[in-house]
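Using the hints, position chains B and C against chain A.
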Amino acid sequence: MLSPVILIPAILNGLMTGAVYALIALGLTLIYGVLHIINFAHGALLTAAMFAAFFAHRLLGLDPYVAAVLLTPLFYGLGYGLQRFVIGPAAHGEDRSILLVTLGLAVVIENALLYAFRADTRTINLPYAFNTVEIGNAFIAVPRVIAFAVVIVVALALWLIMRWTDSGKAIRAVAKEKLGAELSGINVAHIYAMTFGLGTACLAIAACLLLPTYYVNPSAGNAFVLIAFTIVVLGGMGSVVGALVGGLFVGVVESLCGLFLGETLGQIGIFLMFILVLLFRPTGLFGARA
Amino acid sequence: MTDPLLRVENVSKHFGGLRAVDKASFTAATGCITALIGPNGAGKTTLFATITGFLRPTEGRIVYNGADIVGLPPYRLARLGIARTFQIVQPFANLTVRENITVGSHLTRTSRADALEAAGVVADAIGLRAQLDKPAAALTVAGCKRLELARALAIEPRLLLLDEVLAGLNPSEVRDLVPLIRSIAARGVTIVMIEHIMQAVMSLAERVFVLSEGRIIANGSPQAIAADQRVIEAYLGKGAAARMMAGAAHG
Amino acid sequence: MKGLVPIAAAVALLAAVPLVTQSNVVLNFLVMTFLIALAGQGWNLLGGYGGQYSFGHAAFFGTGAYVTAIAQMHYGINAWVGFFIGVAAGALVGAVIGLLSFRSGLRGSYFALVTLAFAEVLRIIASVAPITGAGVGTLIKLDLRPEAFQFQSRVPFYWIALGLVAVSLIIVRIIEDSRFGAHLVAVRENEDAASALGVNPTMVKLAAMTVSAAITAAAGCFYAQYFLFIDASIAYGPWVSIEALLAPIVGGVGTVFGPLLGALVVRTLGEVTKLMTGDAPGLDLVIYGSVLVVVVAFAPRGIAGVITMLRQGFAARPIPERGHD
Chain A
-18 MLSPVILIPA ILNGLMTGAV YALIALGLTL IYGVLHIINF AHGALLTAAM
32 FAAFFAHRLL GLDPYVAAVL LTPLFYGLGY GLQRFVIGPA AHGEDRSILL
82 VTLGLAVVIE NALLYAFRAD TRTINLPYAF NTVEIGNAFI AVPRVIAFAV
132 VIVVALALWL IMRWTDSGKA IRAVAKEKLG AELSGINVAH IYAMTFGLGT
182 ACLAIAACLL LPTYYVNPSA GNAFVLIAFT IVVLGGMGSV VGALVGGLFV
232 GVVESLCGLF LGETLGQIGI FLMFILVLLF RPTGLFGARA
Chain B
7 MTDPLLRVEN VSKHFGGLRA VDKASFTAAT GCITALIGPN GAGKTTLFAT
57 ITGFLRPTEG RIVYNGADIV GLPPYRLARL GIARTFQIVQ PFANLTVREN
107 ITVGSHLTRT SRADALEAAG VVADAIGLRA QLDKPAAALT VAGCKRLELA
157 RALAIEPRLL LLDEVLAGLN PSEVRDLVPL IRSIAARGVT IVMIEHIMQA
207 VMSLAERVFV LSEGRIIANG SPQAIAADQR VIEAYLGKGA AARMMAGAAH
257 G
Chain C
6 MKGLVPIAAA VALLAAVPLV TQSNVVLNFL VMTFLIALAG QGWNLLGGYG
56 GQYSFGHAAF FGTGAYVTAI AQMHYGINAW VGFFIGVAAG ALVGAVIGLL
106 SFRSGLRGSY FALVTLAFAE VLRIIASVAP ITGAGVGTLI KLDLRPEAFQ
156 FQSRVPFYWI ALGLVAVSLI IVRIIEDSRF GAHLVAVREN EDAASALGVN
206 PTMVKLAAMT VSAAITAAAG CFYAQYFLFI DASIAYGPWV SIEALLAPIV
256 GGVGTVFGPL LGALVVRTLG EVTKLMTGDA PGLDLVIYGS VLVVVVAFAP
306 RGIAGVITML RQGFAARPIP ERGHD
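Protein chains in written order, with our numbering: chain A, -18 to 271; chain B, 7 to 257; chain C, 6 to 330.
Simulated from the structure, these hints should not be mistaken for laboratory data.
Going by beta-carbon spacing under 10 Å, a handful of chain C positions derived as facing chain B:
#1 S183
#2 G186
#3 A187
#4 V190
#5 A191
#6 R193
#7 E194
#8 N195
#9 A198
#10 G203
#11 V204
#12 P206
#13 G259
We put the beta carbon where it would ideally sit given N, CA and C, even for glycine.
Bound-form chain A, shown alone (with noise of 0.2 Å):
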């Protein structure tokens, strides 16, 4: 079992699976980085995300990878739009408030597509999804390969713009000390939409990266967003190097113990392993305070 020809694949289709982890949780940290606020609705938006590329897939005949070209500006502007026209309204700057119109959007969501949908799960077919690459003496999954390449181009991106654009010094601004970055004339309401839809934009590239190799229905996204809570509360609310990392990581992890124990104790593992990070490190191996 413990085998290098074992050991090795297991852990690298770990990294490239916790690539994709990373993103969905680059997109729930910005968010609370700059927001403050914990994107409860982060987990039935990825999930319509996947919807929307899988009938892409589905009605025009669209490959995920080129989907993912059309369904991220278009998931911006959804992300931009909740946050500026929905969430901040509604919540009057109120913590509580925010908390319960996060919620209550993730409500919706998850449950209008359950309404469209059904519970059906579906997947789809792609004629390379099982082709491998081989790496070293590891035959990966050329889907999983890609994943990982386009969340290195993906975070990259974001760093860039980040560093070098107006617009992300000014979410940087914002993210550090609101008051001021307002008293410079920085429309903060603009900037939290933009974050807001930078972090949906995230999660449907991430959708589209998993598509190949993952099933569809109305609760998938809950599952991956549970592990993004993790790495995030693990990495450190805020920290764009611990989602990184930490989504490495727990893909690295969640690909062993695959190895070693079975999908249902996986799972209450991860819930109960994020318990105890909130119960113990709220603030996380990286991040700010709580």
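Frame of chain A, contents of chains B and C only:
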């Protein structure tokens, strides 16, 4: 001579490399008004936070009524008779003024009726009778400051720590509040006040301690402190005292 | 105590309903409403009065339901005794979750998250554990005798449910007027200021959570007796957590009658939706989620808040709410 009610001995509070409070010591004589002054950022509120249990000092002892209270949480200290007001007012926004004060008076009374009645009495003494049924969120700054005071008094403290209770008030509001503070002390409450408004410090305090960059640099009567070179320099910068002297000599 | 008069009046009014109509539809509807009102009142104590928003109150509802069912089916315990054991079990779970969460200083979103997680863990465990019947669920054997807490007609169930609601109303009213109540709302408004006045926030929150869990667990126990069947997604499912918080928010958080008023509205909406569009899964929760957002946006104080504003006249300014850090 009776022991001072509060004795802060070599208290330090470090935040990583930052020494917000550095071996500060002062005493508050029982039944007197002691002032703690110093330029902004000197560490006064941090020191208050260690005394009232909101922060744990890195080192030092805080002796209240003969016992070391370091490490006790704020609610225990309140029950021992230490009350405080907050620099940034913290009203219970959605409750009425009466309900706000009642939370305090409930400390020594179990029945709601008793606590409400006691709250009314405190409100009278503080001049808030007219506002009793207004929501706390609707008060002016001066009203909020009085509410802070009223709530703190409602727990019937022996030691009252006032953190810039006069800040943000206009001169006439200050003039109204100063005799009120004096009357509280007259009832036997020991007061330690952080204050920037010098006229209040001069007229109220019997003893003044000066904190600068985390350290106590001087203490004495208000008059002595006002003339103290080190104090002037702490506020106005090095050489300021000499410049002032030179200026006085010329003009 | 004067506050009890409105409660007595409302209860008397509602108690008269079975004397006026024997319609099962109406009685069923009202029993479900009372159940949600009960579960919601539990949430209201911790959330409305205490300011700690739990997203996982299903944890207590489900525990009550399962414990009472298992006590009867596996250990032959009398149904009435089982009811109280279920309530106690729910309270215990509440105390444990509360102790863990509040000791760790979890507040706001983090507290909501952890309660959500706890409810989900219980749901997953219940869906695989043999003692709960795993995926198949648990049946309480039909035994239509009053000693077994089962009745031929709906009417006794109705009065018992109403009785439970009445007890919860009285409990909350008593707390509202007590020193504990003053401490509780102080903690909700400002923990630091409260502790400076001698309030122990952790103990207060823990006590509130325990009572809150007990009340919601009672709703779960009753559900099990009334429907005689539960499974993991009924007992610990998100629908419970959502309805338990929606009812007080719609009706008015931090008020005695809020959960009852809100439950009436929420249940009515649910029934109307079913009538108009059939029993499609998901639609009722879409409505509930939307209602949540709308109420938070336009009437954060709920129905009770609207009534208060109307009473104070249109000229009154709405009380500005302070933001929290």
